[in-house]
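Visitor: Following the hints, position chains B, C, D and E against chain A.
The residues making up each chain are set out below.
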Amino acid sequence: MLSVNNIEVIYDHVILVLKGTSLEVPDGSIVALLGANGAGKTTTLKAISNLLHAERGEVTKGSIEFDGTQVHDLSPNELVKRGCIQVMEGRHVFEHLTVEENLLTGTYTRKESRSAIAEELEKTYTYFPRLKERKSSQAGYTSGGEQQMLVIGRALMSKPKMILLDEPSMGLAPQLVEEIFEIVKDLNQHEGVSFLLAEQNTNIALRYANYGYVLENGRVVMDGKASELRENEDVKEFYLGVGGEGRKNFRDVKNYRRRKRWL
Amino acid sequence: MSAENNTGDVLLSVDHISLAFGGVKALTDINFEIRKKEIFAIIGPNGAGKTSMLNVINGFYHPQDGEIHFKGLHRKQMRPHEAAVQGIARTFQNVALFKGMSTLNNIMAGRNLKMKANLFWQALYYGPARKEEMENRKFVEDIIDFLEIQAIRRTPVGKLPYGLQKRVELGRALAMEPELLLLDEPMAGMNIEEKQDMCRFILDINEQYGTTIVLIEHDMGVVMDLSERLIVLDYGRKIAEGNPDEIRGNQAVIDAYLGVAHTN
Amino acid sequence: MEFLTAIFIQPFFDMVDDPVLFLQVIWEGFVTGILYSLIAFGFVLIFKASGVFNFAQGIMVVFAALTLVGLHENGVPAFIALPITIVVMYALAFSVERLVLRSLVNQPDIILFMATIGLTFFLIGFGEFIFGGEPKMMITEELLLPYDSITFFDDMLILQEIDIAASVIAVIALIILALFLGKTKIGIALRAVADDHQAALSVGVSLNTIWVVVWFISGIIALITGIMWGAKSDVSFALSIIAFKALPVLILGGFTSVPGAIVGGLIIGIGEKIGEFYWGHLVGGSIEGWLAYMIALVFLFFRPQGLFGEKIIERV
Amino acid sequence: MFYREAGQFKSSYVADQELFPVKQDRLGIFLIIGFSFIVIPLIANDYWLQAILIPFLIFSLAALGLNLLTGYAGQLSLGTGGFMAVGAYSCYKLVTVFPETNVILLILLSGFISAGVGLIFGIPSLRIKGFYLAVATLAAQFFFEWLFGRVKWFYNYNDSGAIEVQVRKVFDIAVTGPVATTQARYMVVLCIVTVLALIAVNIVRGRIGRAWMAIRDMDIAAELIGIRPLTTKLIAFAISSYYAGVAGALYVFTYLGSAEVEVFDINISFEILFMIIIGGLGSISGAFFGAAFIVLIPILITNLPLILGIPINTATVEHFNFMILGALIVLFLIFEPHGLAKIWSILREKLRVWPFPY
Amino acid sequence: MKNKIFLTLIASVISCLWLSQGVMAAKGIYIPLFTYRTGPFAGSGIPNANGMSDYLNMLNERDGGIGGVPLIVEECETGYNTKKGVECYEKVKPNNPVVINPYSTGITLQLIPKSPVDKIPVHSMAYGLSAAADGSVFPWVFNYPSTYWNQASAIIKYIGYQEGGMSNLKGKKIGFIFLESGYGREPIPLFEELSAELGYELFTIPVAFKESQNQSSHWLKVRKEKPDWMIMWGWGVMNPTAIKEATRIKFNMEKFVGVWWSGGEDDARPAGKAAKGYKSSNFHGIGTNYPAIQDILKYIVDKGKSQVKDRSRVGENFYMRGVFNSVLVAEAIRTAQGKYGNRVITSAEMRWGMENLNLTSARLAEIGLPGFANPIKVTCDDHANNGPIYIQQWNGTSWERVSGWINSMDRVRPMLEKAAADYKAKNSVPDRTIPCS
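Protein chains in written order, with my numbering: chain A, 4 to 266; chain B, 4 to 267; chain C, 1472 to 1787; chain D, 498 to 855; chain E, 132 to 568.
In short, the hints are calculated from the structure, not lab data. Virtual Cβ for every residue (Gly too), placed ideally from N, Cα, C. Only true hints are included.
Pair ranges (Cβ atoms, derived):
no. : chain 1 : residue 1 : chain 2 : residue 2 : range
1   : D       : R845      : C       : K1656     : 43 to 51 Å
2   : D       : G806      : E       : K508      : 38 to 46 Å
3   : E       : K381      : C       : F1483     : 23 to 31 Å
4   : C       : R1774     : E       : R442      : 56 to 64 Å
5   : E       : S559      : C       : F1773     : 45 to 53 Å
6   : B       : G130      : E       : T477      : 56 to 64 Å
7   : D       : I617      : B       : G130      : 29 to 37 Å
8   : E       : G295      : C       : F1773     : 52 to 60 Å
9   : D       : L695      : B       : Y212      : 36 to 44 Å
10  : D       : T593      : E       : R542      : 27 to 35 Å
11  : C       : Q1481     : E       : K357      : 12 to 20 Å
12  : D       : D669      : C       : F1773     : 54 to 62 Å
13  : B       : K134      : D       : E846      : 31 to 39 Å
Okay, derived cross-link-like pairs now, DSBU-like style, lysine-lysine, Cα gap no bigger than 30 Å in a straight line:
no. : chain 1 : residue 1 : chain 2 : residue 2
14  : E       : K355      : D       : K649
15  : B       : K119      : D       : K626
16  : D       : K649      : E       : K303
17  : C       : K1656     : A       : K126
18  : D       : K626      : B       : K79
19  : C       : K1654     : A       : K162
20  : D       : K839      : B       : K102
21  : B       : K162      : D       : K839
22  : D       : K839      : A       : K64
23  : A       : K138      : C       : K1654
24  : D       : K666      : E       : K555
25  : A       : K164      : C       : K1654
26  : E       : K224      : D       : K666
27  : D       : K847      : B       : K102
28  : E       : K555      : D       : K649
29  : D       : K666      : E       : K250
30  : C       : K1654     : A       : K114
31  : A       : K135      : C       : K1654
32  : C       : K1656     : A       : K162
33  : B       : K102      : D       : K520
34  : D       : K847      : A       : K22
35  : D       : K626      : B       : K117
36  : D       : K649      : E       : K557
37  : E       : K386      : E       : K288
38  : D       : K590      : E       : K549
39  : A       : K239      : A       : K22
40  : B       : K141      : D       : K520
The shape of chain A in the complex, shown without the other chains (with noise of 0.2 Å):
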């Protein structure tokens, strides 16, 4: 469904973050994208959904493929018809607008009956029943879990192939961690959807998908089953800190490293 191949994305003209990465989502998937910060995850998610170009960021080499046709020269808002749609790290929610109203946005690339988009409301909201409590207060007075559901809830709305998931679990309690999860696989087995998810949350984002890739320094350099993945030796040492003999403790953490990581 969706194939990136060897991109190479340049910020401000002179910033390179991506140096060749490549990776696949086949249809019905839930595909992890893995990796410390800055090693280019939100980036590669901005490249598909052609966020890039507001933060004058460009691909300068390779390309990307959605169903067939070439990403480069679609409209964010022509992605979305499509069924391509993200959802942003750090839940940017319509801070003024309702929950409610909030939702509707999601549906402004579709143009269907208002009994339509009605009906679609209220099955958003079998999935997400807290936002169906909350859903004539001002999205910005939320809670973070909420805003999180509700923006999974809005890019629901456009009826979307796949979502390009990034950082769900940031900032929210283990609880609603796994509430979302929950929901991301529910979403994907009973609608089909997609995910491609960037996380920082190994362990969990491991446990739900399919597949994963490991980002470093803008290039894949491992990937896999999830649950191979999860298995292998380095992931477990670095992404999911249990090295050979179990958890360690936080506070018996020794005072060296054993590898500079780059700054």
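Guide: This is chains B, C, D and E only, laid out in the frame that chain A set:
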């Protein structure tokens, strides 16, 4: 309980604090004490009022009821910069660095309160102004060394990756030489390795400088390992208080927050 | 003492003494206020949709009026010139979006603000280049706008028919706009864009379409304002100075509120006329230029987001 | 190749905190200063000095002031023209009240009156932010335009309604008034601008500068690390108004020679805002770049057809002037929103690694 | 790449500007015209500029210049902006201009102190600083044919005549509405003095430039005061707005008199038929019924050498004012050539020519403008000529002359001298050293 716990005297105590925004209750009748040199954690679901609590402590919000006692002084209201003068520093949930400034300048800004040279000398950049600039620069360089961010000294922080920004923010708070350091989700969005680094910094700060630390964090591994005592908030109320082991087993906490008994 | 009387007693005495004249002052203030509101409308609309503080609104008023009059001067009948002007305003909206806004997505507010000042310069030069710098007469009669006056109380209260027409048209425009913003899909999308460009982009809102739409609507409003104000004096680039009078209206009403623009316009309009008429002479008169700003500033001190502005959500 | 800092190591914080840590920069700045002080007065004619360089320097100074306020402290102001007027009129009053005092001293003093006024109009900044504040500063602009036109005391009851500059001598050389040579006036302006620019650089790299930037970037966080928002903003308003005031005094005393309050109208405020945005917000050199751009471009456009011998009437040229200036502003913002100073620094960055990209 | 573009741009700007010096080296009498065809006052500035340059160009076309010497006429656009005026002045200065016509009070004020230093005469025709009428203080500045004070006194006289004699002014109420600036405020002292003497009541209404198009409250005040007469010192967009507002409050337009800068066709026309009856003062003829104007049409306009858009606009009031300005310049050059010979004269010689200008009725007829203006005789002391004015009235489509020449009051000259003395004292102007012949 305080009798058997020997961490030290009470540094800050929160007395029946209630806070509301236009009718919506954010905090209801909160009480707790923080002792000198301990690492104290506040946990709870999103929207439980954790950040509001920090905002009350450092004077950004003014509670309708209750009082805060800090270093023996008690107060109902104060301006944030007064809190800073008294030695309270903090970091933010969404990094609140000065994006247009370099790492060095961000941390130097933290020294603001320690610098006194008047406008005249600053305009000339000579005499006392130059001298204090150098002294504080040295102090800041120590922090930079400590946090291992030498390589980004001159980089505008807006261009740094998130994890490093968090570290710079910690550096800025440290530059204030605080007695009480409030950390709001310092590990959010970090991978294990970065979290390990951050934990090490927090522990070192606590040990080396004897700084009292209040921590808000969602990673239960981190919270349980680092904190000596913690309280749990839910819907603006305190539902539990105790050491990590007590909290782990507390049914109310499990229901409201942890979901299942926590294993990583 | 005498001075205090002049400030605190005499003006009110004057008002009661000649109530018809007082009514006339209020009416003039009301009419001026309506025109301020119309300009502020255009601002608010663009600000809401694109976060752009459109300094060029004042010049758009002149540009629209000048195009209309200029076409007429070159032999185009008024009722053909009008639709052509509307097309020109659409072309303007379209080119602004294509050439300016599109390239400036996500830039800081001040950059967009500056861009509109650049646009102002361009339009001044362009407009004068095409139509010449000479002041022109508004073609009130040709557009079938009434130009007589109605008098009451033995000629003591004089209402101009064109002022009445301006008020009616402004009210209709307000109602249409309010419905448009609150109820339609584009209206909601428009407010979404105002909140967060990037997020709006990410849900598939086409910024480009939205911007063309709002700039076009603002252009139409500018045209209405231009006709009405042009009828009061003449049409030349000096007219753009009145845009400065819309700014205090904006701070008073809040940058994002359509009702705010109306109420703010009326407060400023009536306030400055009463102020000038009953108090102005105490300091030598002609204080309208800054009085409006002072009124706005006083209000602002108590409500930093304006009377109707959305509350600023501040979080840390 | 030639622009490398390799090999220039700093062994102390003192050296590292130097104004221009890179040797080539240091050299460059000395060259520029030397050129302006020695070469220009020797070779430039009246037209260059009076019509281009003096206004360029004066506008640079005003832009510098506004950049301290808007670029560094983040407080948008459209009242620059008003503050310049305060400087100019107070200078006029001072000069007539103290006719024997050194006029340069009085020009510098008049800035303080402007600073005081700036302080008062800065008070709303405590509660008002962004464009709301910008509109509030317009109140200052319009109020002063009205005041100086209305109250005759400010212009000494002159029939013309204008303030007129008398001849004043410093070391027996006339520096103001009609008999002052353009060279003398240029040198006065240059000295004042150089000293004030140096002071601006010092202020922004010290504690106050950091406090300003902190307030600009994130006012809440700044407050929480102990920066007092009101004090900091007010200092910014005062210092910025000081610069504007001195610029205003110079504008009348060394450039126009006689002025009605209309010369300080709203357009001048906008011009100066243009300068700092085109030059680069939050950059000292940006103020100079921006002033050069805004002063030079219209003059160039006006003179270009004349030089090329294209017969075109002056009105059309002026129309094109507006169009081109407007288009250039928009283009610049699209091209490089961070202004000429940013282009300059990218250029330097490239020079540093030249001939290898990245 | 973009850096290169930028550097090239800067380099080309500097080199071009450097080159621009000394372009003007052609042989001829260099007459720069400061004009404003753009900006808020373009409405008045355009016809003025057209009249000025058309007449001079006509002399070139028809006679090959003055005294056989071609005129180099060059416009410099000021936009009525003082700063641009400085640039214009510095630009024309090296080309040895014989006279500067600043056409803006702000620019004039700024050039007055410079003129004796640079030795370039300034001619501010019926504007600028009234005190410049005193040639002993301002040897280099000329403002003939008249000053604002002369005019103001003449308008009061006219009103007196209309009321049936100056003594009837007693108890009358006269309103003065003016543009808030040095220009607008200037006649107030005179009106006040006359008010004390003649017993009429005066009230003043300033209009800030920004409020030019927003005058409803000002005119409501007029309504409240119920004056017998209104006098206006307006400029630019203020004029049509004021006239319109006056019609809206149903003010008797017969009793509304404007300054000579409020008498443009474009000022009265927008108010439509209602403006009928509005009056303004003037000091020269209008219309195309003069041989000289026919020559302009023939040699310039019809050959497409004029910037006039529409042939019918030749002969309008402000166009004719421009023509008159150029006539005065041309005649001063002739006067100078009469003494120094038919060659390119210097600015100092031009100054002499201006000071000794004697434009008689016969001479006016000779140059194709019979009865166009009152004769002008400039003297060493009197640079303003204290010329008379006449009153014209708007008939709905054009101006009609409705009075004879009205001389100003004698009391004006001492006031001018006092003002000049005041200026001299305040600005420590040195005594005149230039001999008077």
